[in-house]
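Trainee: Below, each chain spelled out in residue letters.
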Amino acid sequence: MAERESKALSGRSIAIAGARGVVGLIGVGIAVASVAAASLLPLPTVGTGPGSVVVTPVAATQQRICAGPVLRLGSDTGQQATTANSIGRAEVTRAATVGTPSLENLDATQNEKNVPPQRLLLEPGETGEEPGILAGSQSQFVSADEFVGFAASECAAPSSDSWLVGGSTLTGRTTLLALTNPSKVSSTVNLTVYSEKGTVAASGTDGIIVPPGGQRVFSLAAFAPDIASPVVHVVSTGGQVTATLQQSILRTLTPGGVDVFGVGTRPSRLTVIPGVVTVGHQSVEAASSLGGYGDLVGTLRVLVPGTGSTDVTVSAIPEGASGAASSSTLTLEGGIVTDFPLGDFPDGTWTLTVASERPAVVGARSSTVTLAGDPEKSLASGAPPVVVSTDFAWFVGAPELDGRALVSIAPGPSPRLHLVNTGTESTSVAIDPLSGGGTTVTIDAGAAVAVPVAPATSYTLSGMTSVRASVSYLGDGRLAGFVVSPPGRASQPVTVFHQYG
Amino acid sequence: MQPRSVQPRIIAVVVARSGADRLQRTLAAIAAQTRAPDILIAVDGSSKDGSEALLSTAGATHVLTVRDGTSFGSSVAHAVSFAPPVESDGEWLWLLGHDNAPDPDALSRLLGAVEIAPSVGIAGPKLMSTENPAVISEFGQTISRFGATVSLVDDELDQAQHDTRDDVLGVSAAGMLVRRSLWSALGGFDPGLPSIDASLDFSIRARLAGYRVILVPAARVASDGGPELFGRGQSSAARTFRIARAAQLHRRLVYSPAWAVVLHWLSLVPLGVVRALGDLVGKRPSAIGGELGAAFSTAFSAGIGVARRNLKRSRTVGWSAIAPLRMPTSEVRERRAQAREAALLESDPSNARALARTEPRAGFVSNGGFWVVVLVGIVGVLAYGTFLGATAISGGALRPLSASVPALWGNIGIGWREVGSGVFGAADPFAAVLAVLGSLTFWAPSFSVVLVYFLAMPLSALGAWFAARRITRSLWMPALAGIVWAFAPPLLAALASGRLGAIVAHILLPWLVLASLGAARSWASGAAAALLFAAVAAGAPSIVPALLVLFVVLLVTHPTRIHRTIGIPIPAIVLFGPLVVQQMLAGNPLGLLADPGVPLASGSASGWQLALGDATGTLLGWPAALSSLGIPGGVAPVLVIGLCAPLVILALLALFLPGARRAIFALFVAFLGYATAVLAGLVQVGAVGSEPMTVWAGSGLSVFWMGLTAAAILAIGSLGRAVVPVSTLAGLAAVALAIPLLGAMFVGTALIHPSNGRILPALVSAQAASSPSVGTLVVSSLGETGVAVRLERGLGASLDDQSTLVSTKRAPDALDRRLAVLAGNLSARSGFDYSGELTSLGVSFILVPGAPDDDETHRSLVDALDGNESLTPVGTTTTGLLWRFEASTTPPSVHPTNTGTSLGSWYLVALGIVFGVTVLLAIPIGGRPRAHRNPAPTDERAETFDEEEHG
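The listed protein sequences derive, respectively, from chains A and B. Just so we're aligned: the first sequence equals residues 1 to 501 in the working numbering. Just so we're aligned: the second sequence equals residues 502 to 1452 in the working numbering.
Treat the hints with caution; some may be incorrect.
Not the full set, but computed from the structure, chain A residues with beta-carbon under 10 Å of chain B [claimed, not checked]:
id	residue
1	L41
2	S52
3	P359
4	V386
5	G488
Derived coverage of chain B by chain A (criterion: at least 3 residues anywhere in the stretch with Cβ under 8 Å from a Cβ of chain A; other residues may be distant) [what the hints assert, rightly or not]:
id	region
6	639 to 645
7	1135 to 1144
8	1172 to 1181
9	1401 to 1410
Only some residues are given here: those of chain B computed to face chain A with a beta carbon under 8 Å [to be verified]:
id	residue
10	P1100
11	G1104
12	A1188
13	T1286
14	S1328
15	A1329
Derived by calculation from the structure, the hints in this document are not laboratory data. All values derive from a computational prediction rather than experimental measurement. Ideal Cβ positions, reconstructed from N, Cα and C, are used throughout, including at glycine.
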């Protein structure tokens, strides 16, 4: 009896254990199956996505501010050394893809007698019409006392945050900072000057008021005297300003050239300077041995804002040849401006690219020098070369162009349009003068080309992706360049999303 | 001389109402009396079972028929009118119902007692239970000082313990022997008292007329029960209560002095309402209908006046004469206490079982519950120490609350929702939770959210501890459950992103489980479960479907207790009702699932990440934490799976161990939670800027984690000697898993930050003080995608202002489009007419929240606003850059508040009643645990948790 009971019991417990095992396995199976199904099955989503409205802002009058004539501090008699006076007049070439741009003087300068900077205005077209692109550039050759040289710059859109890379406040080097406020509200500007010694502590750099429609001109030496490598960061609140630097060189009593240049790209991890012209490097080499002529040698100026060291890779791409870039890597300290000599570059036009882990601002300077006689002979003879004339130019980082752009070529000697493809695929750029006729160039990825253009003409660039462009002028004792900016943001549609809460 | 003249004449009146089975015995007993009544008058109350035939063969002098429903008193009165004319003063009426079979000597004993005392007007026999003749059914009545009826003896075994009584205030009508002259003088029973208290009232009036009322213990008459049962066999508790209450009120109005009648009359209905609320608190919901019904029927009863005149006519002595016969208040109280105690001890087998249980239960202090809560509390304070001294928290889905308690309560119900472009409609149910929460710290409502942050973890541990004790006998498992639940990833993720609703739901879930399991036996538990369900549903609407499935399971597994559990969703239904209707009408039922609070996009987690408790797809912050330590991020999934493994494996192991049925249920809960989380990630209820806003999967994961935790502790409880190492491992893994989420405040991955309580810059707040509808346009950059725009009015939309009705809007309305056009034009230089549009929208400020330095859209936005001559830059504020527009005037907004429409007002009234009633019911006092009618065999294994214990 007891035996039978225990048998029955054990049989029953086996059955229970078996049942538990089955239940457990089923449970584990369901668990695995649900997680697998949730992970692997393409489950559909339901409901509404983000609701947005694309708003095309009502077109506004577009404007570009041209730097205006070359300036000097003090009158030609040397009086009023804190007041800027203009020298001559710059020639402006302007164009628009739709409509006709008008040119007008800005209201106020510091001196009523002066020739004021000018602005280009393009009234909006009809509602619904594709907004036009406005472009303009100015050039000026001066030959007055210590100012001898050729300067060209693009008429720029105002901005609240600009970096100016270039200039010098060493002996004989004069750098003027011009701040122009074309808006109808007053602008408060804060300056930060960086140098080879780090950030320059100076009074008067904060809270500079630029009145509506006005221009303020400062000598950079007033903030940062005796600086070889300044970089100026201009931040404005209120109305936006355009900032330009004008550098002139006087070597003892010999004028060494003038350049007016504007804003390049903002700090970025990849800065591209197309169309850096090096010419007559033997002459430059010969002349640079003379006292005070050291800054004839080409220079690349790099600043990584912030602190800490950063690796920077500099590459040079020659125009025409694809992929034959040379590059070197350097380690830079943040917040300190570094100048690299570009002395051993052969003659030609180069695209300089600076890639860094942290965003950097970059500029490059190049010079042209005309010597009396044959430079090779004078080098060989060992006799000191006789400099007839020099000029220099600052080249700045060019912004990326996609789709469409407009460039106006101000008058000047043998202007060329430099195009570099920084994308990963080859691209074609249609270069069409507004007057008609045109060419199309195809640029391989990473390659740079130069296209001769006619002065006082405007061209539309279209069809390109990831292209950066600049314009250079080169003549006897005349060197200048400027970058080509993309169409203004003002007329681009904005996607507006709603937030409820 | 003649014996007949010496012998008093007895007129027996037998009233029958459908009681044929009893009647036969009663008639036989009357016939067998040693002193037979002289005249027998039978009254039939339109019986349907042959009673009339029985009566007609009983040898009655008269057999009368009265209408069905005629009261006992009226039937007797009818009979007396057919009796022969009065011959002498010594005539007596003997009143019997069909169930009142007298002992053979009953009448002679009664007569014996009255004959020796001429002052006696009424004599009552000892009423014995028909079913059990050894038990006294009733033996004399009296009233308390306040006029409540007190039965002197109720269902007591007859051991002659009451045989010493003689003078009483009242006796039952059954077997009553009453002087015929007295009957006539008093006008019989009061027609205003159809059953209960009729004989008591009659006796009192006899006393007031100067007669004595006595009990005759030696005379025994059978009885089936109280007068309300006469002719019915049984009566519901509610009906009995209503009759008794109506009778009491009727007597009160009749007995009170003339000057007090009006006061009593006026107090009838208010007192009825107050007593009904008391019934709620006392867990006697069945009495509420009777309470109110009795109050109304008495208030409009015509019988009061008649009865008062009748009393006045017959009364010869003052009320003080009967005062000694009333029961003193102290004795009444003592009798009630004894009754309660007896009910508790004798009638509830679960108590007996609880006493008999030898196995110990985990003690809160002795078994670690207290220490777990304290330690988790310390961790909570450390983790959110940033908020020490803060008065409000902002960021993520959080915003400060409205600054005042009235404003908080003004945001519940149906009214204007001042958020976004505004809409008239139903508030989020969570607004009511916020109103309650904010009222706790009424001096600074937003501070309550800070407290929630500090207390979220310990409160979760506390709830889990008690809930776990309910499902396991193991002493230390509740402590483990507390730890696992307090460190649950969904809770910490919700804390880090400011999802207050999900936090509240997580804290309350264990309490909801606890209350729901108790709901079958206790009204208080059921009501508490209903309140908790409403709060959890309001905080996390996405888990409502899962909770409803579990609710149906609860109903199905306890079909006999359905009356207590079926009402659990009612407060939630009332709370959600208007929103449900409005979203349904808008064709947007999915919008009901949207989480309350500031709209916030949540990352999308894949199925396996959800299974690890990860609601956001960031692997609980482990990849970021590891990479900051220099460990490759690829280790993170392995590590997280490893740390989750103990809990998951234990939970699944429970299926293989004894007690698997409960584990199956726990894992079913986990499955529901997981399914909820997976589906939540697929439901887009709206958008936050350019990102789709899906339902927060974390709430579903809370349910999932609850099921896993329950299954795991069930498994560990069955492990025997391996308990200590396994539970230590599981606890440590659960804590380790949470480390990156706990550190979220310190490494900056948390979206929340201390706030000064302001939503908009101080300048705007100052302006809003004078013009409450001042508009602020908030335009923020979304990087390359575009800009986002929203409109704030006054101080800005607080957390309680948020509305899922607005955030789940399916298409932008006209105002939204206007705002978009305005923002689009403001974000670039434009020829748009700003002034006109800003003025017409009443916008005086434009705020641009901060953005990363390299955000071109932000820069362009700021530049465009800076260069706009219509705007004055104010500068940088804590919330971003601010511009001012000198609008001529701000149009005053006239929007209905939650009491501004009749619909809104009525809804608030309904909400107040439902929640008021539920809260009163939920107060755990009064009432008594319901007796188990049929105690289940104790060793029966249960299907769900609650059968583990019936305590």
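Trainee: Could you work out which earlier hints the structure fails to respect and list their numbers in ascending sequence?
Mentor: 4, 6, 7, 9, 11
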